[in-house]
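Combine both chains into one complex, guided by the hints.
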Amino acid sequence: MNETELARSSENESHPAEASATEHFAFHGNGAEYFRIWIVNLLLSILTIGVYSAWAKVRTKRYFYGNTELAGDRFEYLASPIAILKGRLIGVALLVIYTVAGTFSTLLGAVAGGVLALLLPLIFIQAFRFNAHNSAWRGIRFGFDGEVWPAFQAYLLWPLFGVLTLGVGLPYALFRINQYQIDNHRFGESLANSSAAGGGFYRIALISIGIFVLMSVAVIAAAAGFFLSWFPPEILAESVTFDPENPDASVEVDPAIMGSFLLFGFLGYFAILLTVFVTGFAWEAMRFRMVFNRIALADNRVRNRISAPRYFWILFSNMLLITVTLGMFTPWARVRRSRYLLPAMWLETSDLDHFVAAEADRTSAQGDEIGEAFDLGIGI
Amino acid sequence: MNEIEGSWFDGDRSRRRGARLRWGSGALALLPEEGGRISIDPQRLQMSSPLPGAPTRLSWGGEDSFVTMDEAGVTAMRRDLALGGGWLSRLENRMSVAVGAGMLCVSLLVAFAFWGVPAIAARAAFLLPVEVSDDLGDLLLGEIESWLPPSELTEARQAGLVRYFTSRDETDASPRVEFRASEIIGANALTLSATTVAFTDDLVMLAENDQELLAVYFHELGHAELRHVEQKVLTASAWLVMFALLTGDIGVVGDLLLGSVLLGPALGPFSRALEREADAFAVERLLAAGESPEAMISILEKLEAQSGLVVSVNGTASDENGSNRDDPAPDAAISEAEITVSENTDEGFLLRLLDIIASHPPTEERIEYIESRIAD
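Quick mapping for you: the protein sequence lines, in order, are chains A and B.
Heads up: the first sequence is residues 1 to 380, going by the working numbering.
Heads up: the second sequence is residues 1 to 376, going by the working numbering.
Chain B extracted, bound-state conformation (with noise of 0.2 Å):
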């Protein structure tokens, strides 16, 4: 005979008693203190799951409940009941367990956030409609203004250009091409959405002839066709929010972060991978325009001899100089913080942090690259 001490409430009023239950080859009964024996069906048992720290609550089909504290002797009866269950409450009981399952936690959430969402956005990005790809590059066009003044080249210059590139392009679709002046950037160009690219002016006099800007027109194309931009906001957007979910209640600053702190990654580097998919895609369209990869080659080594002297908004064939990240976080000081990274300029706390946080795209992996695909 094995017994249990417990509390009993017969579910009509709220007064407690004090009782055993009792159980022993097949027969189960309740032993109120004030006297008497209450047989029970073990079949109609229900018992509650155990949970460290939590009482155990047993019924037997009426409003009658039995509450006990002993842990050890609930265990006992489950045994000798054949209750079974309890294999949550040994994982619970175990710290090796919740060490484990905490490393597991955050490798899965690790995982999911740098392979998971990257990859989803890389699906989801080709689901947007065109408009909102058109009211980003607008957006984003206006957070840089102050950046990027009017385009000094003449109007017949930039128009010449655009005519030029879209009839070397296959698409139907072309991106709008803006030109714009720009000290603080120097020679570069951006892709800002799908639909829209920029070139500095700094870029168009740096070239030597109008095939190096196409290479550098379809390195941007590819950003813009593979839609990196969406991808990039698509990605941060989904960080946060996972970030917002594991930090507990914070929906306010969930809604105050997706308004703002976007823009940050929107703006910030592409990663290594799609940099060598925008390459691929400038080699690929070169190719097929007639043109050598050669241009590419050589408006990447002037970009290159000028090192030193600019780092790129959205690394584009000029971010050699140090913008360039695996991984872009969604961290909105950083990101926006490096369009504006010159190193040139005054050293000083925050430059150097950007240039250890900077891995530096090697310039000859990619030169090398497009030599391989020539020599296909």
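Extracted from the complex, chain A is given alone in its bound form (with noise of 0.2 Å):
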């Protein structure tokens, strides 16, 4: 087909721009499924000590993608495992050079630390790239052309601003790191773009902190009220010694009462870890619901009505069942996540026959050399 053919033939086959169309996400994935592939999945990487994680990762992926549905067909991952075998293997050789140079001397460690630093953005290019290259639904691959310098601005210098005002700037920082990340990426030749604005990164910033301090002064208040139930004031005078004449004698604690401050000590660091996590879920999910309501394919739409609460809900009860269970839980967790997220996802679509895949997905495998040299766990 020549070019006046494919434009011909477009003209007949779209539809008119403004009659746009609701095409849902669906996932079909189910736990007991998934179960089974990642156990298998963690036994070989076990007894191949971690060489068959490459396989494993392509399988997990190929899991979800494929579960994942618009307009009737399936997503597609199509890296190679020993690609991502490489990036691991350089992932390991970097470490291990930054671990070896710091048992040498703190000089060499600091400057193996600061070479690492200044290859994290060439790293998270090559992440991208790779994962984007080897993403397609309908046979169109995913792709990403990020610059070095705007990806070096992005990861090192806006972080680095963010903590020179003392938090202040990190919303702004995240937000460009959110520009750089979508704004490159693309569909076939169709540039992704995102609207999100950097008040909105600021919006859920506040609200993130505003549970951590109500977190906080809950925790407080009832660490204070157990303790006095649980310790009246009248036993704990009778089992410390304090001589008010002399401050400078050690306080002395009846052995008995001591045992239960250190338990009471250990349930109070546990309430720590219980407001960082509740603090960094609500984050994620507010993050999430902005973000993905703010994504532009050429002239489609990404949007969702994924409501934060129950998002946040999913990823606290994930963690704690994933706990309790010591991990074996983490099948369904992923699934559970997905299952909510994907079907209150949709695309505000006028046409979607008509991506064309890009000359440079088709002619090279930019991107297809050397894996993700971390597990980045990045995902469209």
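The hints are simulated quantities; they were obtained by calculation from the structure and are not laboratory data.
Think of the CB as a built atom: it goes at the ideal place given N, C-alpha and C, for glycine as much as any other residue.
It is possible that some hints are incorrect.
[What the hints assert, rightly or not] Every beta carbon over 12 Å from chain B, so not counted as near; a handful from chain A, in silico:
#1 Ala71
#2 Gly114
#3 Asp145
#4 Leu157
[Claimed, not checked] Listing some non-contacts, in silico: residues in chain A with all C-beta distances to chain B over 12 Å:
#5 Leu47
#6 Val58
#7 Leu107
#8 Leu108
#9 Phe152
#10 Phe161
#11 Gly169
#12 Asn193
#13 Phe292
#14 Ile306
#15 Leu326
[What the hints assert, rightly or not] Here are a few chain A residues that face chain B, going by a calculated C-beta distance under 10 Å:
#16 Gly29
#17 Trp38
#18 Trp55
#19 Leu78
#20 Gly188
Spelled out as structure tokens, the structure:
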């Protein structure tokens, strides 16, 4: 087909631009099925001292992509495990160099750490490019065209700015990272674009901080109440010897009470962890909802009706269940997350039949040679 | 002739076209719904490995691909065209394999945690620079400062004991010996790192003669020279890392845990195996120094006699009172709490719990061992 024919045929076939349709994503995976894949992956990875983990990653991603459906067709993950293995070997080598340098001299370790930090943007670019190039839908590959200097700005300079401004600039840095990631992605030749604004990141950062403060206050209040009911003042007074005349003398505590103090301290420690997790998950739930409501791909728009509290609850309860089952719940947790997120997302689209593959993706296997150096968990 | 149904993508546009893939007697062809026939060289056919629940993708060198959900059809095609593969998905499809793999994974992890990690830690402990042991000793002394106020023994008595210990000790680098007064832990001695041991005043008082203290010193020296505290700390760190990996993305937790919870295992009891090593070490040294291991028996009996009074930190000569467990878990609440348990104080939920967990290493067995060494 030559160009004129193509233009004519698309005029004939495509719907008028204003008639936009809604195409929902769907997820068909189930926990028991993925558990069997996961446990075989785990066993083979252990038996091969980690070498199989590259194949395990491909099977995992193929399972999740292959069970994700849009407009009747499943997504595809096309990476070769060997490429991932190469990337991981490079990652391990970098870490070994860094560690060995550190044991020889602190200066050498610092230099290696600095070099590693400078390499980080390159590692990110390679990971995004590899992942995008190996992700496809209806036979068309995604792509990532981010360049080095903007990556350097997004991943090093803006976070540095965030730290130098004592955290005030951090939401803005996260906004810049988001823009870099999304705006450099494409599907075939169609460029992705994020209309998220810096203000949105400040809004969710403020809510997260609010949640953190409220939870901290609640934890401290609960701890104080609990403490006083467990150790009434009269018991404390009896079991703790402190001489006000002689403040230098050490405070003596009844050993029996001391044991309870320690247990109490341990519970308090978990309360702090809980606060950190709740805040982190709340941030992630709000961020996901915001970011995936503001992505455009040519004249298609990604939208969702994810409820941030509901998504938060899934992340939080997944963590609890994974912890109490010592990891065995992991496959169900992952499936549960996808089962909630994907059906709550859709594409506002006029035409899904005419995305065109990028010429570069066909001629060269750019991004295909070496996989992710570290498992960055990057996905579409 | 066999065929499977699926979707055909040309790799140029995101348009799906229905098609069937037909094979038979060495020939292979794509039959689009819109008509026509594209023959495929079976030699160039590439098929994604079967994966339960996921579509199978076939390509033949160009940009085209054919995607199908027909698992049974794909299996038949693999068989007919002798494409092989598929053993992974057969494993992944069986619940019995999953259950077996699960049990094998758990056993491997448990075996690694309880045999592999301590074995590696036992070697790795000797690779640590001496500075690490110095810092660890300082850190732990600082942590338990409140239980261990300064000694009430005279300077001369302390210095005399240290001189006596080091004069009977063959090693070039003797650990530093600290003396502390302690009501809480009573008559006891502790090893805090490869370079730090501590005696309580009560123990010094309890001993009938300095030979008994020397026996205790050699026992602690055994823990120190064999780097038992370092081994415990390394084992606990490895367990924490394993726990973090097992329970998924809890990197933050890992950092926090590594910072604080390690103190618990460092101060917690030694395993029985480590105690036996330290006993054997002490007997060797006593014999080498021309002393009778009888002194060790007599101090053990004295500590046993005042049993019910104290439990030790770090499971030392006096730990037959119940602080010792095989395999200390990286569990700060329990390990740290054990420091303070004393059986003659109030019972209470926590103390009872600890008593249940504690295994009582038999003093008799230790005495029997020493006697057998004397007999040799």
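Legend entry - Numbers of unmet hints, in rising order: 1, 5, 6, 15
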